[in-house]
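Asks: Take a look at the letters that make up each chain.
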Amino acid sequence: MRFVLKIWRQAGPRSKGYFQRFDTDQVSGDTSFLELLDIINNRLVKEGSETIAYDHDCREGICGACGLYINGRPHGPDDGITTCQLYMRRFRDGQEITVEPWRSGAFPVIKDLMVDRRAFDKIMQAGGFVSVHTGSAPEAHTMLITREKAEESMDASACIGCGACVASCKNGSAMLFVASRVSALSLIPQGKPEAARRARAMIAKMDALGFGSCTNIGSCQMECPKNITVAHIARLNREFLYCKR
Amino acid sequence: MQGLADGFFILPYTLPGYLAGKVGEPCPDVASEVFREARSAVVQRITALSALQGTVPVDHFHRKLGGLLWEHAGIERSAGGLASVLPEIDQLEASFLKEAGIPGSDKTVNQELEKAIHLQDYLTLSRLMTTDALHREESCGSHFRTESQTAEGEALRNDSRFQYVAAWEYGGERETPVLHTEPLVFENIQVTDRKYR
Chain A
1 MRFVLKIWRQ AGPRSKGYFQ RFDTDQVSGD TSFLELLDII NNRLVKEGSE TIAYDHDCRE
61 GICGACGLYI NGRPHGPDDG ITTCQLYMRR FRDGQEITVE PWRSGAFPVI KDLMVDRRAF
121 DKIMQAGGFV SVHTGSAPEA HTMLITREKA EESMDASACI GCGACVASCK NGSAMLFVAS
181 RVSALSLIPQ GKPEAARRAR AMIAKMDALG FGSCTNIGSC QMECPKNITV AHIARLNREF
241 LYCKR
Chain B
1001 MQGLADGFFI LPYTLPGYLA GKVGEPCPDV ASEVFREARS AVVQRITALS ALQGTVPVDH
1061 FHRKLGGLLW EHAGIERSAG GLASVLPEID QLEASFLKEA GIPGSDKTVN QELEKAIHLQ
1121 DYLTLSRLMT TDALHREESC GSHFRTESQT AEGEALRNDS RFQYVAAWEY GGERETPVLH
1181 TEPLVFENIQ VTDRKYR
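Taken in order, these protein sequences are the chains called A and B.
Residue numbers 1 to 245, in my numbering, belong to the letters of the first sequence in order.
Residue numbers 1001 to 1197, in my numbering, belong to the letters of the second sequence in order.
Source of the hints: derived by calculation from the structure; they are not laboratory data.
Don't take each hint at face value.
Said to hold, decoys possible - Derived PhoX-like pairs (lysine-lysine); straight-line CA-CA distance at most 25 Å:
id, chain 1, residue 1, chain 2, residue 2
1, B, Lys1195, A, Lys46
2, A, Lys46, B, Lys1115
3, A, Lys46, B, Lys1022
Said to hold, decoys possible - Pulled a few chain A residues facing chain B out of the computed Cβ check, cut under 7 Å:
id, residue
4, Gly12
5, Asn42
6, Lys46
7, Gly48
8, Ser49
As the list claims (entries may be wrong) - Using C-beta positions, here's what the derived DEER-type ranges look like:
id, chain 1, residue 1, chain 2, residue 2, range
9, A, Ala231, B, Asp1090, 53 to 63 Å
10, A, Arg43, B, Ala1051, 18 to 28 Å
11, B, Ala1051, A, Arg9, 16 to 26 Å
12, A, Gly210, B, Leu1011, 27 to 37 Å
13, A, Phe19, B, Tyr1196, 54 to 64 Å
14, B, Asp1059, A, Gln26, 15 to 25 Å
Please read all numbers here as calculations on a predicted model, not as lab measurements.
A virtual CB, placed ideally from N, CA and C, is assigned to each residue, including glycine.
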């Protein structure tokens, strides 16, 4: 297959960026999107030109490192997958593909397609944890949790912290990310004692770091590679109201 | 497994344990001899790698090294196979230093440079893993040394020679590592063999 890629290049956080065009030919449809970037990068090394910087790690959709804006959508045209799970067969032969980094003020560009997502770590450090020493796994039936609650908590825990929710949001809000963390912990007994403090601390940190407010548009839910729903945002709002009392 | 075929591995918990004991201790000052030595070693290494002007991407050598170890130093290994790997690692390193290309600068994020640094670490690790595997002339744990098996094809340990845990001391690039051992003493159980039949 043949593709024309327009890839965002930016030398550093303060440099002016631009789109660079790359023509690719004889690409197998089974090539993953990141592998195509590797192919282009290998070509650049052969030419002695600087390679395209982009984040990646596990390449199986569980680490949250990769995240690209592809043809105007985070993680590309398909639902429920990360960039590394996208294959070139998904595109038309000869198609022009625009590749950008996450676009959000709270995620400044480090270089090319690589952005600084440390803001998420800072939000987690503000309260996204349970601060009791749990030791090794206890006997499963010592703590009664209904199946529904356990499932819901697990659904929220599926968040990989990739940042697609922020990148897709017109307000640059991190509500879905924070909601998934707060929800996962507030649904189970281990997270209850600190629930109020957690919601307040994480929301305060999110605001302080320059993430926008939620206006219930729902684009985060549409673009989340783990299909996390805005119902968790509702739960976060409730936790927040409780902690105000 | 990842350490074998990719050069990445998880630190044993003893290391964070050791470092945790140092929390609160003052860090060496940037003007101290220790700091300056470490800094100049890192700068030297980065400068040398940045100067590589070839045309072959680092990934190419990384994959080759992974393939070599996978083939000869994996779960099943033999003295001959292991011995053949060491000169091949040397050869691969030589061609890496001759043919690899690291475009870009060392003043900004440079992923090709990062890959090259990791490959160098992996080269060091691969020599150590192979040396250790060569030294342990028995089948032990999940590793099967083809020369050390019973007539029925079961793994055969050699407790009289190898019943110890081993740690290798790094003496510097290209220096032969020094073996330290600590005997395994079992007081309450009798060591037996597991049969897979």
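Asks: With reference to the structure, classify each hint as holding or not holding.
Replies: Now the hints, each set against the structure:
Under the criterion of a C-alpha separation no larger than 25 Å, the hint pairing Lys1195 of chain B with Lys46 of chain A is inconsistent with the structure, at around 53 Å. For a cut-off of 25 Å, the pair hint linking Lys46 of chain A to Lys1115 of chain B stands: about 16 Å separates their Cα positions. A threshold of 25 Å between alpha carbons decides the hint, and for Lys46 of chain A with Lys1022 of chain B the separation of about 46 Å lies outside it, so the pair is violated. Taken as an interface hint, Gly12 of chain A checks out: its beta carbon lies about 6 Å from the nearest beta carbon of chain B, inside 7 Å.
With a cut of 7 Å, the hint placing Asn42 of chain A at the interface with chain B holds, because the nearest CB-to-CB distance is about 5 Å. Residue-level restraint check for Lys46 of chain A holds (minimum Cβ-Cβ distance to chain B is 5 Å; threshold 7 Å). For Gly48 of chain A, the suggested interface contact is upheld, since its CB lies about 5 Å from the closest CB of chain B, less than 7 Å. Interface restraint check for Ser49 of chain A: the shortest CB-CB distance to chain B comes to about 6 Å, inside 7 Å, so the restraint holds.
As the Cβ distance of Ala231 of chain A to Asp1090 of chain B is approximately 59 Å, the hint placing it in 53 to 63 Å holds. Range check, Arg43 of chain A to Ala1051 of chain B: Cβ separation about 22 Å, and the 18 to 28 Å hint holds. Checking the proposed 16 to 26 Å range against Ala1051 of chain B and Arg9 of chain A shows it holds: the Cβ atoms sit about 24 Å from each other. A hinted range of 27 to 37 Å holds for the C-beta pair Gly210 of chain A and Leu1011 of chain B, which are about 34 Å apart.
Between Phe19 of chain A and Tyr1196 of chain B the Cβ separation comes to about 59 Å, which falls inside the hinted range of 54 to 64 Å. The hinted range of 15 to 25 Å is satisfied by Asp1059 of chain B and Gln26 of chain A, whose Cβ atoms lie roughly 19 Å apart.
Figure legend: structure checked against the earlier numbered hints; hints not met, in rising order: 1, 3.
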